[in-house]
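Participant: Below are the chains, spelled out letter by letter.
Protein chains: 4
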Amino acid sequence: MRASVHRFTMRDPGDVSQLAIAIAKGEVNPAHIVAFIGKTEGNGLVNDYTRGYLVLSLKLLLAECLGTTQQEIAASVIFVFSGGTEGVLTPHYTVFCVDRDVPASAGGPKRLAIGRAFTPVPAPEEIGTRVQVEMVAKAVGAAMAEAGIFDPADVHFVQVKGGCVTTEQARAAFARGARLASGDPNKSMAYSRVAGAFGVMQGLGEIAADAFDETAFFAKPEIWSGRASISSGIEVAENEVVVFGNAAGWSSQFVVAHHTMDDALDINGIYACLDALGIAARGDNRSVGLARIACALVKCEPDASGQMRGQRHTMWQDGDINAQRHIRGAVGGLVAGVLGDTRIFVSGGAEHQGPPGGGLLALIATVV
Amino acid sequence: MRASVHRFTMRDPGDVSQLAIAIAKGEVNPAHIVAFIGKTEGNGLVNDYTRGYLVLSLKLLLAECLGTTQQEIAASVIFVFSGGTEGVLTPHYTVFCVDRDVPASAGGPKRLAIGRAFTPVPAPEEIGTRVQVEMVAKAVGAAMAEAGIFDPADVHFVQVKGGCVTTEQARAAFARGARLASGDPNKSMAYSRVAGAFGVMQGLGEIAADAFDETAFFAKPEIWSGRASISSGIEVAENEVVVFGNAAGWSSQFVVAHHTMDDALDINGIYACLDALGIAARGDNRSVGLARIACALVKCEPDASGQMRGQRHTMWQDGDINAQRHIRGAVGGLVAGVLGDTRIFVSGGAEHQGPPGGGLLALIATVV
Amino acid sequence: MRASVHRFTMRDPGDVSQLAIAIAKGEVNPAHIVAFIGKTEGNGLVNDYTRGYLVLSLKLLLAECLGTTQQEIAASVIFVFSGGTEGVLTPHYTVFCVDRDVPASAGGPKRLAIGRAFTPVPAPEEIGTRVQVEMVAKAVGAAMAEAGIFDPADVHFVQVKGGCVTTEQARAAFARGARLASGDPNKSMAYSRVAGAFGVMQGLGEIAADAFDETAFFAKPEIWSGRASISSGIEVAENEVVVFGNAAGWSSQFVVAHHTMDDALDINGIYACLDALGIAARGDNRSVGLARIACALVKCEPDASGQMRGQRHTMWQDGDINAQRHIRGAVGGLVAGVLGDTRIFVSGGAEHQGPPGGGLLALIATVV
Amino acid sequence: MRASVHRFTMRDPGDVSQLAIAIAKGEVNPAHIVAFIGKTEGNGLVNDYTRGYLVLSLKLLLAECLGTTQQEIAASVIFVFSGGTEGVLTPHYTVFCVDRDVPASAGGPKRLAIGRAFTPVPAPEEIGTRVQVEMVAKAVGAAMAEAGIFDPADVHFVQVKGGCVTTEQARAAFARGARLASGDPNKSMAYSRVAGAFGVMQGLGEIAADAFDETAFFAKPEIWSGRASISSGIEVAENEVVVFGNAAGWSSQFVVAHHTMDDALDINGIYACLDALGIAARGDNRSVGLARIACALVKCEPDASGQMRGQRHTMWQDGDINAQRHIRGAVGGLVAGVLGDTRIFVSGGAEHQGPPGGGLLALIATVV
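Residue numbers (the numbering used here), protein chains in the order written: chain A, 3 to 370; chain B, 3 to 370; chain C, 3 to 370; chain D, 3 to 370.
Watch out, some of these pointers could steer you wrong.
Identical chains blur together in the list; that is why a pair holds if it fits in one copy or across any two.
With a Cα cut of at most 30 Å, we get these calculated DSS-like pairs of lysine-lysine [stated by the list, open to error]:
1. K140 / K189
2. K222 / K61
3. K140 / K27
4. K27 / K222
5. K112 / K61
6. K189 / K112
7. K222 / K189
8. K189 / K27
9. K140 / K61
10. K112 / K222
11. K27 / K61
12. K61 / K189
13. K140 / K112
Simulated from the structure, these hints should not be mistaken for lab results.
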């Protein structure tokens, strides 16, 4: 098996011309595409339709290339888009391909491995509960199996996209007497992310199933995974899981590493991730090493205390710019400065994903 | 003479309690205060009144402490506040004091020197022209003289605050047939900044008076100073100039250094400034060195081309967040990450102040 | 007794020159000022400091005119400022004066009567509870008595300004085991408004004390007052109450009327209020009647259902503009269009103040 | 010929289900659709992609229904979407259909007539010049002819959508020595609107071709059309013109009327438009009359002077909310209040379209 990673930019959220050209040139085989992860230039909040616009545009392209329907594309490809290219960030998306016809390399070094799994569709009353946790945990195991990863330590990044309860669903659920984690779509999205994060932790064996209960959700930010990146929204009903790791039997030139960021200023967390890949990122002669980076994935969040390293920040109190937009701009500026590149996936909403007030970083790079 | 540097934070733009306490404790002598430079938590745009609110609050405090009027304070102290604490930035202000009664140290090493000068009030038709350039250039020389700096190479940062043409002034000027660089207050502010920047360049001998004319304003961004930081607004009529350098005859424990940033990702420009101060800022044991920093001053701007290092940014096209807010958040995040501190003055509107699309950084630190 | 109403505008939130001139000319006696109600040009949200800036500027002016301190001014004058002059609204403030030395007119028609009262400072655990309701109810009675209003039907507008629980207070309260309506400052502000609204209802006899309990707060929007306008914030600790009505014994040329708005489109509610004052506001010859209006006070809120008259609105989902800013702009545009004047106090956060999704309007006008 | 008008709402900019249902039920014949005019819930500024998302979604639907391509749809149907549903406004779109197979009614009253025309594609150097004016003027004549309108007084609303110069086109044009009205896309959009407005005036005979030259553009706001509504953008290259009027030979139950608004408070301008349609809109029994309205189209703009009726507004100085968003919210609130409906097309950028600081209104209603 061979995984490949292709990064494209766009003029606007409806522009998929770079991928179209790559497909036309044979550089990307559309049948191999398993997932997209990217940033669009909306506000990243509820009324950000740049994500849906890009998804529709990509589905149309793939459906045309593959002679299939948009529905079939949606059932087989995972789309994870985060809105908000604050500050220096560049709208872009990374296409992940898996060619399963490449024979397994025997005994070679571990290389980038990608596996996916889908859960059943949770009932509204299961969103944000242990039921969803179990679903995701099981899917993480299935995705690891598909990726041929047997040691959880070889997993470096797990992207989950989960559903949420819409206003209509909440109304119907309440009508039949159901009890919901939250009937508010926005809060339901947060609950779905939290359940996803615990699901990843349980699936990776970071936490035992009997070591926590639902009262830990939100309340114990000290329980977190350094490899979980969860997004949620009305675009999907089930939970979609993509696992990125390094495994034997894969033959690409890519590897993946990750590191936590203790807070939004934790530059050494970024350097540590680069060190893990053997990339010399300090000093003037860093361009050769940095050119190896194929994809940068970051989760972060504004410190809930309203302070960082003892000083006040104003992100939570700003009525004009949402706190998530603030933190994406600041952490994006820091990571882009260290990497010398603005094509970085920076996503907020990092409950239980990295240390509280901090976050996590995964880098995919070519080997030397 | 002895210069001192005091950094305070505030709960809100009307909170000057930290300075009040420092004065009460005798840590700051209000009669020694020559300038304030700081960040307030507004939007940093035309309708940002957090700057005026803080200035009023500080004037009231000083007037009360010194038994004088607000007007007298305004005539003798320079207030430079930049709105916008995007991302991780902390609202704060730095108080610069000069005690002229400390006898000059003979033969000691150069230490932080501060000098000020005020220009006459330019006529509306002089704003944004060579006349204003000449005024500022002359004031830079006067401020250097006050600071006892004889070699322009010893100057590391020049803060200018200049006036602009208000709508009323423009109307009156047009009525008497005057010709203005711009009758629009916002554009007039930009013209005032540009004239200030050329004034600093001429005053520091970076450019000869006959080497440029007004057609270079805005049009030749390749002409810039790495030490000029200009702000403008209706708060002042004349140009107010503060020069920061290192000079003999000053006896504090502070020194100042500066460096340019080639673009908003230029992390090595920041490290170079730290290197100039002998501060070890890389690796895990950096807190001792970084603790020496007393004040960080940054100018930056979004790349006018809409691209950075070959990739598109969206700052200029965002109808929800002004481009200056974007760039302050991103560069603030980067500098704060490198310095491990969020109390950083980051100001936009950097026409001819640092390389186009980049900016400049000055750091004041204690000596070891 | 004689009440007078003076409306001023300002260039910016620190500009109190119009009032200063009116005082200098003898048109306003500063010793007679009992309250200010106005709009400033901030965002009207937590980080809106234009309100504090204007309060400070007004206090300085009055303290100077009266030869007293800012603290004394704060203890005797009520300041109610709402941020946000969205759309066509003009930053302005209305000064309410009471001259108690004017002998009571015997037997004349009822005229504008103003009374004030202050409650004790509620403990943090009392904010948003029945205790605060009782306090406000009692203060409404006291203010009515001061105004010489004996029939609650003669009250047309009750402005309450209440405190809230700050983060520091919440922390201290939790530390000593107290239970709060909410420890979140923003939610605490909403609770304080709700308790204020119920306090007004109880004080005016609109609802009996035993006809509701705290479970009605927020949950029963069908319980509302058409005369209560509540704001809250950290600026005050106690509850400050101003009652506006018509009463015998007052001799000014002003009267007040009010009407509810059933929803944000309820133009007939506005016309009904004008009808109550005998102002002909329809057709082309309306300027004479409309010129009688001295002050317009509006409360409103976005319909919580996300719909108005069966159609979706997007106010609650907009991540770029807060819902309160949306509704103030729309209702402000409507009321300004009907009144032909942009100096209108429009305030959001109308829980239990007017019908849900609607609001209320009070107009003070001169008699013919 | 028969014109029909169908108004639909959507859950989000990708939701075209109401039209799909209407087509499936036979209520709308997709082959008869000539134009869409609507509001989407973006910010209405450069980075508003909700317009493109809706256009793509509608094209896909029509292409599927008609068995044709998106390109063919684009060539035959006009899409005019304005972003920004500030305040009470509802995202919606109106579908305009023309059935040319309905035999002309002889001698009946004039009824809604719709005609379209497309101009050639202007060169970049022709955008914003007399050349574009001539193109549009000629297209207005062609559209009137298609609509069978012979007397310009029977035209009540002309919607033009014009192109603009993109950054790439500007670069290429400058490279070959061309001179542009503006090389800045945003300014080019404004120039295109202005040329469109003059084109409509000339086409309708409101102004003679020799009575103005290009120096009047922007500079003489007193030259305006009360029937021109122009939008521009990169979505089209040529100018697309739709004329709405009343004409003999059309057999629908719809008629159209228009009126100017002298300023953003001009409620009597709205009532005058209703009066022209014989709709009783004042008083309590207005729902029957108002139910006749099928479509409401409004253009407006913030007064350039910064004042309205002698009072300051803050729209131009707000760094957080664009002035066009402010004015749409306020005028939308006023028109919605008068009409009792939130499905109103309110568009800004009204240079030379209605009186300066005011705007215009067109209403399509059924006859009694």
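Participant: For every hint, state whether the structure bears it out.
Facilitator: Here is how each hint holds up against the structure:
{"no.": "1", "hint": "K140 / K189", "in the structure": "within (24 Å within a copy, 39 Å between copies)"}
{"no.": "2", "hint": "K222 / K61", "in the structure": "neither (39 Å within a copy, 45 Å between copies)"}
{"no.": "3", "hint": "K140 / K27", "in the structure": "neither (38 Å within a copy, 45 Å between copies)"}
{"no.": "4", "hint": "K27 / K222", "in the structure": "neither (50 Å within a copy, 41 Å between copies)"}
{"no.": "5", "hint": "K112 / K61", "in the structure": "neither (32 Å within a copy, 47 Å between copies)"}
{"no.": "6", "hint": "K189 / K112", "in the structure": "neither (40 Å within a copy, 52 Å between copies)"}
{"no.": "7", "hint": "K222 / K189", "in the structure": "both (17 Å within a copy, 22 Å between copies)"}
{"no.": "8", "hint": "K189 / K27", "in the structure": "neither (44 Å within a copy, 38 Å between copies)"}
{"no.": "9", "hint": "K140 / K61", "in the structure": "within (28 Å within a copy, 41 Å between copies)"}
{"no.": "10", "hint": "K112 / K222", "in the structure": "neither (35 Å within a copy, 52 Å between copies)"}
{"no.": "11", "hint": "K27 / K61", "in the structure": "both (19 Å within a copy, 28 Å between copies)"}
{"no.": "12", "hint": "K61 / K189", "in the structure": "within (29 Å within a copy, 34 Å between copies)"}
{"no.": "13", "hint": "K140 / K112", "in the structure": "within (24 Å within a copy, 67 Å between copies)"}
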